[in-house]
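Colleague: One letter stands for each residue in the lines below.
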Amino acid sequence: MLGKTAGGLMWMFRYMERSENIARLVETGQRIALTRPDRAEGEWASVLKTASAYDAYMASHDEITGDQVVDWLLRNKDNSSCVLNCIENARTNARLVRTGLTREVWEAVNECWMTLKDELARKVASKDLPRVLGIIKQRSAFVRGALHGTMLRRDVYDFARLGTFIERADATARLLDVKYYVLLPSAAGVGSPLDNAQWEMILRSVAAEGAFRALHGRTRRPTDIARFLMLDGRLPRSLAFCYAKIGDNLRYLESDYGIRLPSHDLADTICKDLEHTTIETIFETGLHQFLQRFLSQNSQLAAQIERDYRFSQ
Amino acid sequence: MDNDTPFDEMLRPDTSVREAYQAFESWFSSEDPAHLRAKAREAEAVFRLTGITFNVYGKAEAAERLIPFDIVPRIIAAREWTKVSKGIEQRVRALNAFLHDIHHRQEIVRAGILPVDMIARNDAFLQQMIGVEPPGGIYTHIVGVDLVRTGPDQFYVLEDNARTPSGVSYMLENRETMLHMFPELFAKNKVRRVSSYPQNLHSSLAACAPRKCDQDPVVAVLTPGIHNSAYYEHSFLADQMGVELVQGHDLRVVDGRIAMRTTQGYRTIDVLYRRVDDDYLDPMNFRPDSQLGVPGIFDVYRAGGITIANAPGTGVSDDKAIYSYMPEIVEFYTGEKAQLENVPTWRCSDADSLGHVLDNLEDLVVKEVHGSGGYGMLIGPTSSKKEIAEFRKKLQNRPGNYIAQPTLSLSTCPIFAKAGLTPRHVDLRPFVLVSPNGIDITPGGLTRVALKKGSLVVNSSQGGGTKDTWVLEEE
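Order-wise, the sequence lines are chains W and F. The opening residue of the first sequence carries number 79 in the numbering used here; numbering runs sequentially from there. The opening residue of the second sequence carries number 1439 in the numbering used here; numbering runs sequentially from there.
Some clues are possibly wrong.
[Unchecked claim] Only some residues are given here: those of chain F computed to face chain W with a beta carbon under 8 Å: (1) Thr1488; (2) Met1698; (3) Arg1699.
Treat the hints as calculated values from the structure; they're not laboratory data. Glycine residues also receive a C-beta, built at the ideal position from the N, C-alpha and C atoms.
Hey, can you work out the whole structure from these sequences and the hints?
Modeller: What follows is the structure, given as structure tokens:
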């Protein structure tokens, strides 16, 4: 396959993943705003930071209000990572790599774009917000479903998956980093309503509140939450899960092409770090430092894959 | 060429249904119009979803537009098709011989049949192609011959598209859509298949591999990119052939061959089906500012390292001034009279012809010799006095730039309109593949239809639509 196509596929799925993550963040923000209005402004600020959109938002707004944040994250064209831009970029990349996709995947992306272009053509009224966020998540699921159900398991599929998990690992790590202070062991036992709200936001943002309850019952300890999101290989949005998948897909490429490249070594290193560490060690060395290092390694890996597989000249 | 009563392809003058349309008509009259209307809307949704769009340059809002699709098929009887396809084959054979000749000994000029200016002053003529032997001797691997019909047995060639004929994806998708929406129609009619076109295209291109090819020929499609108006078609054809869709920046010269950058390094391409114009193909040999081409590809081509389809310089034969010589060209190279007629054409460069044209502007169609897409033309009978007066000035200033033809009374085929079936003018572009193994004409082609009542302009950029085109099996 063409190097350009591999790059297009990776970005297509990064953008799809990003749009879904942003929808989840907005959903969480909205829920907190409704249930704990006193915390709203602070939570919206966290949401913006998690989406890496805080600085750009503050540069063009005087205050943080739910309405404006939602609009900024979903459809404001000045925000390059708003959902509408992500979906448009995903589709543009899909057009570019059209020959690598099945008709089902292409149509799922195209329909996703057609639907959301209409839904996000104007400001979303707050009564419509749950419905629109639902559509974003659902459309994203359709694309994923078409990918799983119809694509040949070969290099094309591997690059699509690599894009998905690199983006997802980035999003989860960012979410944790913005909230790292409420996850520190020193926050344990505090259990104030304030902390509960923060923890709930974290779990909801990765669609893991149900999963966490199933594993831990009523007890919510920040250490458990941090371990769950970072090191539990069963949770599809945890760092460990993402890296297990990245490792798999790179191994498939290695055996398919018969060559091991620098990106494989880098991914193995990150994978092993996650496997061999404990949450206690992470807290000892510093959660924030750990996450910062992880984020930087994750983007190094993306850049290395781009070089190894000749996405550009 | 009687202007008043256009030939109706479905109905005889006594309104009885012609044989080819009988099965369709009995099906149609038993269907509920409301149901058919719903189906027509469904077809549009399918096209939109599939992304069968064409881009309109310079219009950000309507960047991707659909070509309207009409659900009534255009039906051609087996006997009619046999005649037409024989004529096309002859014409395409002549085109290739002509293109070879003008780049070599120019016998046709020596014989006094074609003035040398027609070649030397033709914008599409490439000096660089003189003496070049394209692999397999083929210049026009893919040709679209635009036909119009005026009577039961009267077909005319309106123009030849030997440069880069587009629209074949519509031919294929229109058929898929019809099969999807009205499967029962295909049980009632024996329609010849068009779906093998992509495989035929692939084999035809592979059969033209260059001298230096030492593997199972690798074919790729070269596109200018996603902003090109025909990008959908480029990706569609690459997908259907199972080959890579490349852009100039994916390619480079490696060891005297053209190679594409893959995830596993550079891989040699043998045959490039390019949808990039000659001028932009190679900044080292043609337009130096081109970002769309591959530096040095023309040198590789000349050395037998790659096949470029269609060959550079084939646009010469698309020129409307050359068109006017086609009957002579066909006869010169095939030794036979042309089976398909040309529309009678006045060359305005000729003083007598110009006089005739100026005297009869309101009855004629005047076309720019290098123009395309229906722009820069005058359709006398439907133009206002003011439009005619303005065009007259243009014509007088640069007569050599124009040719004129009588307004043909194009045949009609019904479309499904609000009030039911109603006739509209149509043309036909059959698609032809040429390789050393022979000439292959897909039974059918792209029917374009002028959706506006009375209009003769079928171009998609000016309100034309398309139809599925059926060629029936022999009984």
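Colleague: Please go over all the hints and tell whether each is borne out by the structure.
Modeller: Hints, verified against the model:
no.: 1; hint: Thr1488; result: 7 Å, holds
no.: 2; hint: Met1698; result: 6 Å, holds
no.: 3; hint: Arg1699; result: 5 Å, holds
Violated hints are absent here; each numbered hint is respected by the structure.
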